[in-house]
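As they're listed, the protein sequences go chains A and B. When we follow this note's numbering, the leftmost residue of the first sequence carries the number 47, and every step to the right adds one. When we follow this note's numbering, the leftmost residue of the second sequence carries the number 47, and every step to the right adds one.
Rather than coming from a laboratory, the hints here were simulated on the basis of the structure. Take the hints with a grain of salt, since some may be wrong.
No copy is singled out in the list; a pair is fine if it fits within one copy or between any two copies.
To be verified - Derived EDC-like pairs: lysine to aspartate or glutamate, alpha-carbon spacing no greater than 20 Å straight-line: (1) Lys-146 to Glu-136; (2) Lys-105 to Glu-94; (3) Lys-488 to Glu-455; (4) Lys-105 to Asp-367; (5) Lys-146 to Glu-190; (6) Lys-80 to Glu-150; (7) Lys-357 to Asp-367; (8) Lys-365 to Glu-106; (9) Lys-80 to Glu-149; (10) Lys-146 to Glu-77; (11) Lys-146 to Glu-131; (12) Lys-242 to Asp-479; (13) Lys-423 to Glu-361; (14) Lys-344 to Glu-99; (15) Lys-441 to Glu-216; (16) Lys-377 to Glu-391; (17) Lys-377 to Asp-175; (18) Lys-412 to Asp-434; (19) Lys-125 to Glu-77; (20) Lys-412 to Asp-321; (21) Lys-357 to Glu-422; (22) Lys-323 to Glu-382.
2 protein chains.
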Amino acid sequence: MAESPITPRSKDFAAWYQDVVLQGDMAEPAEIVKGCMVIKPNGYAVWEGLQRELDSRFKETGHQNVYFPLLIPQSFLQKEAEHVEGFAPELAVVTIAGGKELEEPYVIRPTSETVIGHFFSRWIQSWRDLPVLMNQWANVVRWELRTRMFLRTTEFLWQEGHTAHATHGEAIAEALRMLDIYAEVAEQVMAMPVIKGRKTNSEKFAGALQSYSIEAMMQNGLALQSGTSHDLGQNFGKAFNVQFQNEEGRLDYVWQTSWGVSTRLIGGLIMTHSDDKGLVLPPKLAPVKAVIVPIFRKGEEGGAVLEAAHKIAKELGAKVDDRPGQTPGAKFFHWERRGVPVVLELGPRDLAAGNVVLKRRDTGVKEIVPREQAAEKLQAALARMQTDLFEKARKHLRDNCVLANSIDEVQAILGDVTAESGGGRFVMVHLKDDPACDARLKEFKATVRCIPLVDEYDGAGTCVVTGERVEQRVVVGKAY
Amino acid sequence: MAESPITPRSKDFAAWYQDVVLQGDMAEPAEIVKGCMVIKPNGYAVWEGLQRELDSRFKETGHQNVYFPLLIPQSFLQKEAEHVEGFAPELAVVTIAGGKELEEPYVIRPTSETVIGHFFSRWIQSWRDLPVLMNQWANVVRWELRTRMFLRTTEFLWQEGHTAHATHGEAIAEALRMLDIYAEVAEQVMAMPVIKGRKTNSEKFAGALQSYSIEAMMQNGLALQSGTSHDLGQNFGKAFNVQFQNEEGRLDYVWQTSWGVSTRLIGGLIMTHSDDKGLVLPPKLAPVKAVIVPIFRKGEEGGAVLEAAHKIAKELGAKVDDRPGQTPGAKFFHWERRGVPVVLELGPRDLAAGNVVLKRRDTGVKEIVPREQAAEKLQAALARMQTDLFEKARKHLRDNCVLANSIDEVQAILGDVTAESGGGRFVMVHLKDDPACDARLKEFKATVRCIPLVDEYDGAGTCVVTGERVEQRVVVGKAY
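The shape of chain A in the complex, shown without the other chains (with noise of 0.2 Å):
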């Protein structure tokens, strides 16, 4: 047999990473341009999946969708201060368009907030026109150092979110709103359990009031910051004069949100469930659902078995494999790299015994199964295998998160973690939302990953680092 074109995880967690991406048909690196890939079949198939999941959930709750320019006048960015520090290390500018030097050079949209506060001054006039709840699909792009498939890349494509409320409550449950909705899209879709949380002042949206995430925990024990959703307060109505009429009859300015989840959860997705044999997908995001492999050899019952296979893949809506020159065994190494939740073998003996054999991707495990019973048992596997995905990914979440009680025990615990080395926790400690306290823990390259929502551990305590009083846990971690 040959060797495994994938590295195992406990050899070098990101080489494996790489591999699963590569291997799965999920993306491959565009070096042509720097840090961007290609998003390969199985990879958009997953996003369409996603999009068609979050956007159903958007318009739900009253979300329309809108188109607004990939360009901005680079001087509207230098508008909202915090916003311009926070972006333009990271700007891609168009200085010359149409065979001319510009005046004012455009940049690439890096996120939508300045344009959009823009275009909210020009639509919002009265209370009448509040709320306002828009959402866009779109690329932006941002000129990162480091980079990886789908996790970080320079461009990449994402969802986000544009509200305008006419008082802070309201944009406060918006904005709170949408994170339960990413936490519901991870968990109940993706199979990947988060913490939904606050970010620390150090590590909120550049222009935000409060940023609001979801942290889900790889395999390596890494956090991967999974969808954020901001509390924009006045500050881009301030930048751009969003002002209103409100009921009493008073100019104000609109509170604002903004909120997006990117192709990243794709890099999460596979790092939460994938193996040392490729790619898995929770059956509700697979493109792919089952596969039959027809096994027979040349000249041998083939005709019936076929014909058997393509029967039984119309009522399972499945897919039949019947490429010829393959080898059975390829098509199931093929299938799995692929991360196809269920895979049905049907040979002669099978055909006679009026059977069917179904695999499962994750466990390996096979069924033998009457074929009058294939629609149903598929059917529960699949409800099975999405469960179980679920569980195992939070036992490994619950299992990962210790507690530590001083700012040297949670140096011990994660100083030398890395991505490659994997090892990583999540550590609950009590530490003051303070850029000193986010500075500290910077020296061994870890961050508060949120302060969460719902404090499951044991309420206030003292800063390991201040020694001030503070009123709950946060999550410490090393991240993506």
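With chain A fixed as given, assemble chain B onto it according to the hints.
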């Protein structure tokens, strides 16, 4: 009554179009970025409808969605001589990124043949790897001098299909198959009749061997090139060294196609069906197919009417306009301008009589129907409206196709026609596929729209410019 916010077509067709777009909540100009627009909720929802219709047909014919980078190294475009000549004047160029001047600038994709050619050369080695059938949904940028919302914008959204084949015959069949899909969506979904044809050598895509297009006629008689499909021959295969071993074991260059439609289709949709009252949308693409407007005076039986309206709406899958503080009249205008195919009225007298009033957007005709037949009558009205819109547009196209047998005659018909004036025609004339003939038409700003794939006229004849014998009449018109 307030003056209509929509300029009549007869007064100024271009102003009418702009008004319909704005009042229909379809788009608005984004003057902050030259020639760009914001696609607003109603416009984006129509685009989503078109995407669904197209995407399902692409997938049924074996194509897979993928995503390639937005940015392309400038040198890539230079590899295909005609291609760079065609696109160089329209490029937006990124020269600075991440705070540094780039050694080699990137262009924002005006189309993706070059970057895809690069990846095809990586992926394709053998005839077993063929055909490759891919599509991407993306934004592109072309720095245009004269722009109009949807019809020609600096940035636009589109899909671009890219395929590679082992033989020229297969590539031609693919290009024509996709042209057929475009024509099917235009006619059966958009209710917009089109003429399928081949472009002249002067008008073909930069880098193609042959280009095919569907050409529609707007209400002012101007042509709109609504979709194109290109037989790229081996031009990009040679430029990007996409070689494969054929079944006989010899190396050959792949034969490629590319094909695309864009948000321009929405402009065509608007200019095909809308009227002086505003937007008219064919039922199959209308995001909201029916709205119920409850009618009652303050206090007067409002409760019973509203309750019944919501009940009927649920049965019909319709929307109730229960916005307080708006008169029924204002609501009718609101939905009329947004192109909702059917508005249902329900007042106390209708309620007492067990009726609802059903009004079609295109004809304005009202029909009183018994409430228990409302669902059935609504479906019938929508189906009828879809057919009627197509028949009306087809009649307009047929009535405005005229024959001409000399170049003076062509000039007499088209010479004074502008987008604003209207009065355009498709002039069917014998003309040679020769740059000199295209140039002669340019003198009065007309072009060969296409050489129809099916000749519905009198076959061969004498070219009105060169006097040579040509196989069939071509379509000459003024175009967007």
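Alpha-carbon proximity context of Lys-357 and Asp-367, limit 20 Å: within (13 Å within a copy, 49 Å between copies)
Within, between, both or neither, where Lys-80 and Glu-149 count as close if Cα-Cα is 20 Å or less: between (27 Å within a copy, 12 Å between copies)
20 Å Cα threshold - placement of Glu-190 relative to Lys-146: between (28 Å within a copy, 12 Å between copies)
Alpha-carbon proximity context of Lys-105 and Glu-94, limit 20 Å: both (16 Å within a copy, 13 Å between copies)
Homomeric proximity label, Lys-105 with Asp-367: Cα distance no greater than 20 Å: The answer is between: 18 Å across copies meets 20 Å, while 37 Å in one copy does not.
Homo-oligomer pair classification [Glu-99, Lys-344; C-alpha up to 20 Å]: Classified as neither; 44 Å inside a copy, 42 Å across copies.
Within, between, both or neither: Lys-365, Glu-106 at alpha-carbon 20 Å: between (32 Å within a copy, 14 Å between copies)
Homomeric proximity label, Lys-80 with Glu-150: Cα distance no greater than 20 Å: Classified as between: cross-chain Cα gap 11 Å, same-chain 25 Å, threshold 20 Å.
Intra/inter-copy verdict for Lys-423 and Glu-361 if alpha-carbon distance must be at most 20 Å: within (12 Å within a copy, 36 Å between copies)
Intra- versus inter-subunit Cα pairing at 20 Å for Lys-441 with Glu-216: neither (35 Å within a copy, 53 Å between copies)
Intra- versus inter-copy proximity for Asp-479 and Lys-242 (alpha-carbon distance at most 20 Å): Classified as within; 17 Å inside a copy, 65 Å across copies.
Status of Glu-382 relative to Lys-323 across identical chains (alpha carbons, at most 20 Å): within (7 Å within a copy, 58 Å between copies)
Hint check: violations occur at hints 14, 15; the rest are consistent with the structure.
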